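*Asks:* The whole structure should be built from the sequences, with the hints applied where relevant.
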Amino acid sequence: MPGSLFTKELQPLMAQLDLKHENDKQAAAPVQTAEAPCLQRAKARLLKGVSYFSGDMAVFAKWMEKQFFLLQLLDWVLRGAAQVMFVNNPLSGLIIFAGLILQNYWWALNGFVGTLFATISALILRQSRGAIAAGLYGYNGILVGLLMAVFSNAGNWYWWLLLPNIFMSMMCPIVSSALASINSRWDLPVFTLPFNILVCLHMVATGHYNHHFPQVLIQPRTELPNITWEEIDVAKLFMSVPVGIGQVYGCDNPWTGGIFIISLFISSPITCAHAVLGSTIGMLSGLALAAPFGAIYFGLWGYNCVLACIAIGGMFYALTWQVHLLAITCGFFCAYLGSAIANIMSAFGLPACTWPFCLSALTFLLITTETNKIFKLPLPKVTYPEKNLCFFWKMKKQEKQEKLEEERKKKEEELRAIDDEMILNEKEELRLNLTAMEEANDMQIVSMPEAESEQNDNGQQQTTEDYPTDEMPANYL
Amino acid sequence: MPGSLFTKELQPLMAQLDLKHENDKQAAAPVQTAEAPCLQRAKARLLKGVSYFSGDMAVFAKWMEKQFFLLQLLDWVLRGAAQVMFVNNPLSGLIIFAGLILQNYWWALNGFVGTLFATISALILRQSRGAIAAGLYGYNGILVGLLMAVFSNAGNWYWWLLLPNIFMSMMCPIVSSALASINSRWDLPVFTLPFNILVCLHMVATGHYNHHFPQVLIQPRTELPNITWEEIDVAKLFMSVPVGIGQVYGCDNPWTGGIFIISLFISSPITCAHAVLGSTIGMLSGLALAAPFGAIYFGLWGYNCVLACIAIGGMFYALTWQVHLLAITCGFFCAYLGSAIANIMSAFGLPACTWPFCLSALTFLLITTETNKIFKLPLPKVTYPEKNLCFFWKMKKQEKQEKLEEERKKKEEELRAIDDEMILNEKEELRLNLTAMEEANDMQIVSMPEAESEQNDNGQQQTTEDYPTDEMPANYL
Amino acid sequence: MPGSLFTKELQPLMAQLDLKHENDKQAAAPVQTAEAPCLQRAKARLLKGVSYFSGDMAVFAKWMEKQFFLLQLLDWVLRGAAQVMFVNNPLSGLIIFAGLILQNYWWALNGFVGTLFATISALILRQSRGAIAAGLYGYNGILVGLLMAVFSNAGNWYWWLLLPNIFMSMMCPIVSSALASINSRWDLPVFTLPFNILVCLHMVATGHYNHHFPQVLIQPRTELPNITWEEIDVAKLFMSVPVGIGQVYGCDNPWTGGIFIISLFISSPITCAHAVLGSTIGMLSGLALAAPFGAIYFGLWGYNCVLACIAIGGMFYALTWQVHLLAITCGFFCAYLGSAIANIMSAFGLPACTWPFCLSALTFLLITTETNKIFKLPLPKVTYPEKNLCFFWKMKKQEKQEKLEEERKKKEEELRAIDDEMILNEKEELRLNLTAMEEANDMQIVSMPEAESEQNDNGQQQTTEDYPTDEMPANYL
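Residue numbers (the numbering used here), protein chains in the order written: chain W, 79 to 555; chain E, 79 to 555; chain B, 79 to 555.
Treat each hint with caution, since some may be false.
A pair holds if it fits inside one copy or across any two, identical chains being indistinguishable in the list.
[As the list claims (entries may be wrong)] Below, in silico cross-link-like pairs of lysine-lysine (DSBU-like), each with a Cα-Cα straight-line distance of 35 Å or less:
1. 314 <-> 126
2. 144 <-> 121
3. 489 <-> 478
4. 489 <-> 140
5. 140 <-> 505
6. 144 <-> 481
It should be emphasised that the hints constitute simulated quantities derived from the structure, not laboratory data.
Since the model is a prediction, treat every value here as computed from it, not as a measurement.
*Replies:* Structure follows, in structure tokens:
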């Protein structure tokens, strides 16, 4: 899911990205001048090739703008599928759909229907075209579609389910828009809140005991879980890391999780690393809080931490090592919160959805601090961690240059002030000389009245010689 | 219940309404010039007569301002009773009280006490007099009073109940004022949130197992409801529409519901139509989500949709057909939400109250869109759907005129620019002529030094003749 | 707990307080001029002595700024302990710790660890140094530490508990900072919301059925409590007042409660009085709502009302008798809310914590009213009730003076306007005289042409005499 509804600032930004994008990439790559020029060229070509399908595929997005509408819609749907993980990349979206199909055909279909109708609904409601094109209205739709299928107790291929699926998907942009009106006051994204609200709405409105749309039975824990540390399965524990990433989309197949990791890596390695880190943090937290092993193996402790770590670790904050520590802290907090919310919501027969991620990430994005090492990006500037970092560096550079410029100006002013003072001193000296000379002349005049006219001329000459020096500083001032 | 706390903007507005009101009415009525003048006059008189007791009865409100305080208070209480349905009309309030008495004497008494004390408390707390006079502090009070009586398990005429009733009614303006401080940031009304908060507070604070103020027992569903489609009673299903409207005030008597429909029609036909539409939507949603027939017949699926449809369909948005569709969508969403909230709150022994309406209407009022067909009225301008529509039309007209005016100005400026250019060109020409003449003069001077003084005079004359034309354009510029 | 995060405005404020503080104290004391000067001097000396350890001990705080860091940290921790009751005073904090040790060693240790790590975490997160020094980051920490120990089912001296204790304490500044970002929009403090959130988080995340950190079992009421009014124990009922104050820190020992009362009285008698009042209101409310006597004796009805009464009664509003009534109303509302929240949260195995206080106090702080008797202090100006009152009085005095000044100016302007008018009238008269004279002159000229030059001079003389009077007023205008 995305950062946010980027509003109109995004559109012009995307149009001008193609060139900048490559420049950024090249700037980011350390240009080793010692290498052979042929190797360098090959590397540059490779980087350029990579830039076509990594990041947010801005060149492709621009090319798409001139294509047939249905093709455009498909691009938006694929981007929407990837935006669940904050990835604005149709290729990642395609790979994610492949992973979903590997997991379950029916779920994949429901996910596709959800994304499609959420995007269409956003078009009908006349939401910002830039945000729609970035998939920011689709990611809640895919989650609504998928999870409604996952938690349905009516079994696969229960076609009636598509009706509430379509209705709820089409409600996504409405709820997104409403929440954005509130969250934008604090420059916060809506995350997956619309999905959380709508899926919980559907599940609790129908419930387990319903004739049309029954849900799976979820009940609160009422006795001590049977945990014996001797029985722990280390292989399954390791496997819980990709499973945790898969659980973001409600999938428990470790291969699906692996495919998702690949799709993340294509777009942004930083995102990918934080996803793995988050899943690991979740698993460790589960062990620390004495959770039943089954829940840990099933990835239920991981998926919220995955999203929280991605969001804090480079997506909405510029990645510094302080932010990296903050992301880890947020991961542990999110795991704690996940357990709490799961226990509360089970009282209503509800799963935790991604409420823990939303609440923990929003909390950590609301922090204010006096250090400048934790820099929250303005929402319209959020793209993907690598580019956010470039933005942050550029901004810092600019600030430094401005500081240097200011210092330079200050120094210049000081020098000028010194010059002015010197000129003034010189002026004063000349004036003193002049008055001294005039006095001398006057004395001469008094003593030698016969030489008056001659001396006078001379005196006048001197003054005309002096005047220029007397007035010259005025030009410098 | 009202739109909102209209604050001080309302007071002057109400004072000047009497004349405007009639003008609006007449403007809204299509003046058929083909009719006989006598018929026309009769119609105008009828419209004027209707205007005295329809809409917000602004003439009556103005007349009331000079009356005895207790009479004024009665007016405010009656308006408060009608404001539950967003109707600012004492006649509607009177009819609603009649409906309540038809339902249950004890409930009606509690409702009256609630409205009265809520209004008095607002006076003590020095809230805006305009808002009090519009009944905006009474509608939560009547609901608190009524519903506390409805959900009390102590039976009718348990006089001790009046104590918490009065306390909670008097808390209404406090909670209203606090919520308004928050909601006003998004230009949103508080709806019935104070009522929801306070009634839930009372019910859950005492609970079913209480010696002083026991509540009726509400428990969550724990088994499949027994639904056989053959047993459906179509007559009861139709009856559920007025019952749903009656349930806004907690009344299950269809006649009471019918009386409420009449009271709505008196003030605003659009409101009335949306109320019926909302109740129908709720009934259909109940069938779609496999609700037990009993709950549908009892109007529990209707009352929230009634309020949501009224609020969105013309009350806070200007009624266009896009807004009408939005109101229908909001109705379905509200029904879904109603089922969800009822299930959640039953876990605490609570009814759904009007939480679903509040949350769905607030969500739909927070939407932002790029189309101008969905126009949200600024809160101080909200009155009743017909007048809101007039305001919207007038605004559109004004915008059009402003556009035309701008275009006119643009054209004028263009013409002026052309004129200026022409004048400049003429100036330039004259100057050229002048210089040519002067050159000729100079040549004459050179050739004829004896004619110097004469020619000079001539030249000066010419320049003095030229200056006016040279300076004249400056006045036009 | 504190008012709020005073941000940077606090720091300069605290530095300049030492002198002002004493002045305020002296100004507040009614100077009886009839007394002997020796007695007066003794009194002044006593007041000065009292000012050193009462109020917010600003002199001590200033002196502390130059001390060793660990000593400073201890000061902050002690202030943090007292800030739970809105008291910014290390001596009160010391006495409170004494009370805690009297109650339970293990709890006191956990409370200390919580305050310490919360303060350290705030330092790491680079929060405002002024707020840290006022203990505004510690008070949530002490509550988190204490209540996690109180509600732990693992018994005393279960050392592993310190791990989640430290984690949750260190999360306090993060949650505080995030909540402050939201609440500051309405100029509201965060109260104990971080504590409520974090303790509920820990308790519900682990729950009663947990191997590592089991919580005490809390279950909802499912039958009528056994209340016989004959069995009521009046002594215990009276004792419930100090117990209620002790329960703010989770202590049920009446002596501990008594010690807390003393610690409050040292810093601010108004705070102390409202604490006792609040506890009494809570006890009465419990009786009114038919609560089981055991809960009332145990102080569970008191502690929220204690905090609510302190917060409204002089802490965030300037204390007038209207505000005093508001504080009492808030106390009753808080008790109602307390019962409601306790019933709801028991469904999840949670205690009510101080949610009722937070919600009721925030509601009452959000009220807007047209009277100027209810004055909400701007958050950076909040200190302690006595000083808040001084601020309010000073402000009122200033307003009065400004009003008088304005009236004076108005009067002066009026006088000047009258003067101007008089001058203008004189001018007009002179002009009329002049024209009359000129006319007479003209007539003389006509009749006596031979006297022309003489008369002309005369006339000119007259006009030159007139001109000064004609132009003089221009200087006054």
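*Asks:* Tell me, which hint numbers fail for this structure?
*Replies:* Failing hints, ascending: 1, 4 and 5.
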